[in-house]
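Peer 1: Chains as they are written, first to last, in the numbering used here: chain A, 1 to 116; chain B, 1001 to 1112.
Careful, some of the hints might be misleading.
Computed, partial: chain A to chain B, Cβ under 7 Å [claimed, not checked]: (1) Gln-8; (2) Val-13; (3) Phe-106.
With a straight-line Cα cutoff of 27 Å, these simulated DSSO-like cross-link-like pairs (lysine-lysine) come out [as the list claims (entries may be wrong)]: (4) A/Lys-55 - A/Lys-108; (5) B/Lys-1071 - B/Lys-1057; (6) A/Lys-55 - A/Lys-70; (7) B/Lys-1071 - B/Lys-1014; (8) A/Lys-108 - B/Lys-1011; (9) B/Lys-1057 - A/Lys-108.
Computed far set for chain B versus chain A, every beta-carbon distance over 12 Å [claimed, not checked]: (10) Thr-1013; (11) Arg-1015; (12) Gln-1017; (13) Arg-1022; (14) Asp-1024; (15) Thr-1047; (16) Glu-1056; (17) Asp-1063; (18) Arg-1064; (19) Thr-1076; (20) Gln-1084; (21) Gly-1085; (22) Leu-1091; (23) Arg-1097; (24) Gln-1098.
I should point out that these hints are in silico values taken from the structure, not numbers from a laboratory. Think of the CB as a built atom: it goes at the ideal place given N, C-alpha and C, for glycine as much as any other residue.
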Amino acid sequence: AQTVTQSQPEMSVQEAETVTLSCTYDTSESDYYLFWYKQPPSRQMILVIRQEAYKQQNATENRFSVNFQKAAKSFSLKISDSQLGDAAMYFCAGAYSGGGADGLTFGKGTHLIIQP
Amino acid sequence: DTGVSQNPRHKITKRGQNVTFRCDPISEHNRLYWYRQTLGQGPEFLTYFQNEAQLEKSRLLSDRFSAERPKGSFSTLEIQRTEQGDSAMYLCASSTRQGEAFFGQGTRLTVV
């Protein structure tokens, strides 16, 4: 079983600045995936970035990058050059990669506010 | 639109009534998931299908909840004898590989 913890209910950042959202997790599995999802006010969840636990290299997608610290079980999301369209709820999530039928385990989310 | 489609988008029902939601996944996706999301929380996994087989249903919230995926295409989630605590957003997601999920816009259920 996995647990995912997001300790920042809300974060605020000035447009064009950089912000980091925190996430810690716990799992007894050795193979797993970690994700950041974005949920704008329209409510459709959108995948932002994905990290396989066996990969040491941190994933990057354009302005979004992660800092994956496997030993510390930490998975933070960095958003560079923040844009107004980045305003949303951000959820950290994990999934066991052993081929079983487990779905994603989500944290409670961080509400990101972008100040113009 | 080739994304995950959920209907209806909103449902208001009286306590004790049965409701059914439909999910049409992305056409080539063999994996289908249902989640429930309550206000201020992340989605909570309910059940999983691979093609037409329901491989995980122990996380359904009670025996009032059931899901089907006939022929491995669309899926339905039914809640019988609804209670006020069932009020939530019900999300469907589909994918071709473990862990990754493409979500629909959800069905918001209000039980009055």
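Peer 1: The structure should be examined with respect to each hint, and the outcome stated for every one.
Peer 2: Status of the hints after comparison with the structure:
no.	hint	in the structure
1	Gln-8	violated, 14 Å
2	Val-13	violated, 21 Å
3	Phe-106	holds, 3 Å
4	A/Lys-55 - A/Lys-108	holds, 25 Å
5	B/Lys-1071 - B/Lys-1057	holds, 18 Å
6	A/Lys-55 - A/Lys-70	holds, 10 Å
7	B/Lys-1071 - B/Lys-1014	violated, 31 Å
8	A/Lys-108 - B/Lys-1011	holds, 24 Å
9	B/Lys-1057 - A/Lys-108	holds, 23 Å
10	Thr-1013	holds, 20 Å
11	Arg-1015	holds, 24 Å
12	Gln-1017	holds, 24 Å
13	Arg-1022	holds, 17 Å
14	Asp-1024	holds, 14 Å
15	Thr-1047	violated, 8 Å
16	Glu-1056	violated, 4 Å
17	Asp-1063	holds, 19 Å
18	Arg-1064	holds, 20 Å
19	Thr-1076	holds, 18 Å
20	Gln-1084	holds, 21 Å
21	Gly-1085	holds, 19 Å
22	Leu-1091	violated, 7 Å
23	Arg-1097	violated, 9 Å
24	Gln-1098	violated, 6 Å
The structure is inconsistent with the numbered hints 1, 2, 7, 15, 16, 22, 23 and 24, although it conforms to all the rest.
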